[in-house]
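Line order of the protein sequences matches chains A and B.
Per this note's numbering, the first sequence starts with residue 1, numbered consecutively.
Per this note's numbering, the second sequence starts with residue 1, numbered consecutively.
Rather than coming from a laboratory, the hints here were simulated on the basis of the structure.
From the three backbone atoms N, C-alpha and C, an ideal C-beta is built for every residue, glycine too.
It is possible that part of the hints are untrue.
Unchecked claim - Looking from chain A toward chain B, a few residues come up when the C-beta cut is under 10 Å (computed):
1. F95
2. L222
3. N409
4. S419
5. A483
What follows is each chain in one-letter form.
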Amino acid sequence: MLDNIQVERLEAEAVNSAKTRQPLYAARKKIFPKRASGSFRRFKWLVMAITLGIYYLTPWLRWDRGPFAPDQAVLIDLANRRFYFFFIEIWPQEFYYVAGLLVMAGIGLFLVTSTVGRAWCGYTCPQTVWVDLFLVVERAIEGDRNARMKLDAGPWAARKLVLRVSKHAIWLVIGAATGGAWIFYFADAPTLIREVFTGTAAPIAYITIAVLTATTYTFGGLMREQVCTYMCPWPRIQAAMLDENSLTVTYNDWRGEPRSRHAKKVLAAGQPVGDCVDCNACVAVCPMGIDIRDGQQLECITCALCIDACDGVMDKLGKERGLISYATLSDYNANMAVATAGGSCSVNPSLVRTDGGVFSDRLAHFHLRKIFRPRTFVYMGAWSAIGLALLYSLLTRDRLDVSVLHDRNPQFVTLSDGSIRNGYTVKLLNMIPEPRTIVVTMQGLQRAEMNVVGIDLPADRSFAIAVEPDRLKMLKIFVRQPAEQLKGQAQTFKFRVEDKASFEVDEYTATFNAPEILR
Amino acid sequence: MSNEHIDEVSGISTTGHEWDGIRELNNPLPRWWITTFYITILWAIGYTIAYPAWPMLSSATKGVIGYSSRNDVKNELAAAEIAKGKYVAAVQSKTVVEIAADDALREFAGAAGGAAFKVNCVQCHGSGAQGSSGFPNLNDDDWLWGGSAEQIQQTITHGIRFSSDPDTRQSEMPAFRDIITADQIRKVSAYVASLSGPVQDESLVEPGAKVFAENCVACHGENAKGNKEFGAPDLTDAIWLYGSGEASIAAQVRAPRQGVMPAWGGRLGDTKVKELAVYIHSLGGGE
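So here's chain A without its partners, still in its complex pose:
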């Protein structure tokens, strides 16, 4: 009976059926980078020592500027709006030097990336350097890769608790030191450090330390490679910066494939086998947790630790180094063409070697001259042009400056004897940290005289005035011209300021206004 009833079968499935349900988020896959050793690792230690040294020690360098300026070599004095860098002092209106340096840094990044790939990411980026530092701490306390993996998988016993607490405590101390070093760039370091420890520093100092401690600890200790992969824009931009002649960390599968862990067995079976023994050393040392053998990828910061790891293995196996190496795409493609006989077969390692087992001379090798190509010349040219322009402007800049504002309301005043008076706000800038006597002279407007508000000087065409070190002196000057001397509604003349001791001179061309109809 039931067999006869036809029920239509519908194509439907619950939206949350286990078959199609997707997790809303993906947990981070833990990475336990193994310690690498080799020339790139040594180079990275060196870069780390230099960059961290510069960061932590710079505020403590002293530079004598005399009694009227701070003696800290590098100081961003926000309260007084001055920036000191060794022998250079920058006023706020000279901020274009900093803008110029930032442009140079940008073009420099293009230049470096177009030649040696993401060297910035791999060696000098603060994120990389601090993660490296945090990994040093992690390895010192918890051991290398295997010990850390075991500890992580193990239960929360007393030992694990002690190790973890001490690791995070040291990370926090590094974070606090990083934040602590930052604030010394903004105030006199020896004074500030005393204030910080006696609790008398400004609240903003403690807030800055707290924020930078939190970010250093979070980014360097907890988030690490996720900052590069998810948060940083540079991995996205780099694709436009690289070209076929840029050096990138490359797995040379033209000699590595087909990889095998049992090379002898495979060879005995008469099949081709490449140099890669699939030991995964390159993956184990990678701070990003990726496999370089999958090719160039967004996550790769080109720290070259996989090169060190692989070279070590190749040395053990008695093979040539460079299975993973810095190579350009064009060299790689040329070598792939050799290994695949122009793409007609899969990689055959016998094609890249001669019968004697050494590399064929048909293989392409990187040559230094590939760095010199039109693109890098353009970057280099723009970079040096801006650098030279900044340098020229720095060496020839004025340290004595005058600027003048003409009174606009009223533009002129008729005095009782019929003469015409104009008012000017004159700003004298003494941009060196020494007191100076500046002589202000009027040039042009014969028989006109000036006097200065608040300064008891007889009306004259010239006067001397003391200007405090590293300060602006604002003067209200009235210029008075007899009626019979007036020539037209607007006459120009010059305010000339001069330091008689250093012979520095600056001039400002001002206008003298008079009424249209003179009585």
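Given the structure of chain A, go ahead and fit chain B onto it with the hints provided.
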């Protein structure tokens, strides 16, 4: 999701949307990202509880920490009052001459006086204190009632011809059309005009001088230099309150206009008046 589509290359399911053959992978978000997202939601809820946020019928919720931007302004204004307190105290205790002699005080009082001038004085004297016909220019060096800082202070405090202030500056030039003839007015106008410039009919100057000596010297002085005691203007200079030239002078002799300035002492207080006096004195014409 029976029509679920798995991307062949990556093995990851897609969102099911397709644009010109391009499908979007449905990769899950990283956990830290989604955690941060939830934290921002919690933060937003906490924020709207802590700070004024939710609109109600007539106002909004006040927030449990009692923040208000008006209080912020009040505190900032109070802090500014305290910061300028020592200057205000100095202005209160010192005379205008002492204030004008001190660089820092002159700058402070000048700025405060400038602000008060913009509010109270520009209606008649103009925004640059340049005046206009009937309203004196305060930038120049010609003063009806005296241009020292103290005299300016006195004028501002008590006003000019301001009947409700007993100490106001008082004077009144009579209407000479009731006293002398039209011919005499013509002559004396020519004489006065000749003191500061050329006149059309030189023959009127001589008889005009005689009319002047008989009628005007009491206030304007024998040499027509005026008298600041009575606010009598100097008739020999280039500055004319009611216009220069014989016709304007004749009009003023016939039926003089007399300017009135209110007394500001009671309204602005002694300190503000001092600041105004210092400001006006610094405009360039101060004596």
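Here is what the structure says about each hint:
Given hint, F95 (chain A) at the interface with chain B, is violated; its Cβ is 27 Å from that chain's nearest Cβ, farther than 10 Å. Because the beta carbon of L222 (chain A) sits about 8 Å from the nearest beta carbon in chain B, less than 10 Å, this interface hint is met. The restraint placing N409 (chain A) at the interface with chain B holds, with a minimum CB-CB distance near 3 Å, inside the 10 Å limit. About 8 Å separates the beta-carbon of S419 (chain A) from the nearest beta-carbon of chain B, less than 10 Å, and the hint is met.
Taking 10 Å as the C-beta contact cut-off toward chain B, the hint placing A483 (chain A) at the interface holds, the least distance being around 8 Å.
Hint check: a violation occurs at hint 1 only; the rest are consistent with the structure.
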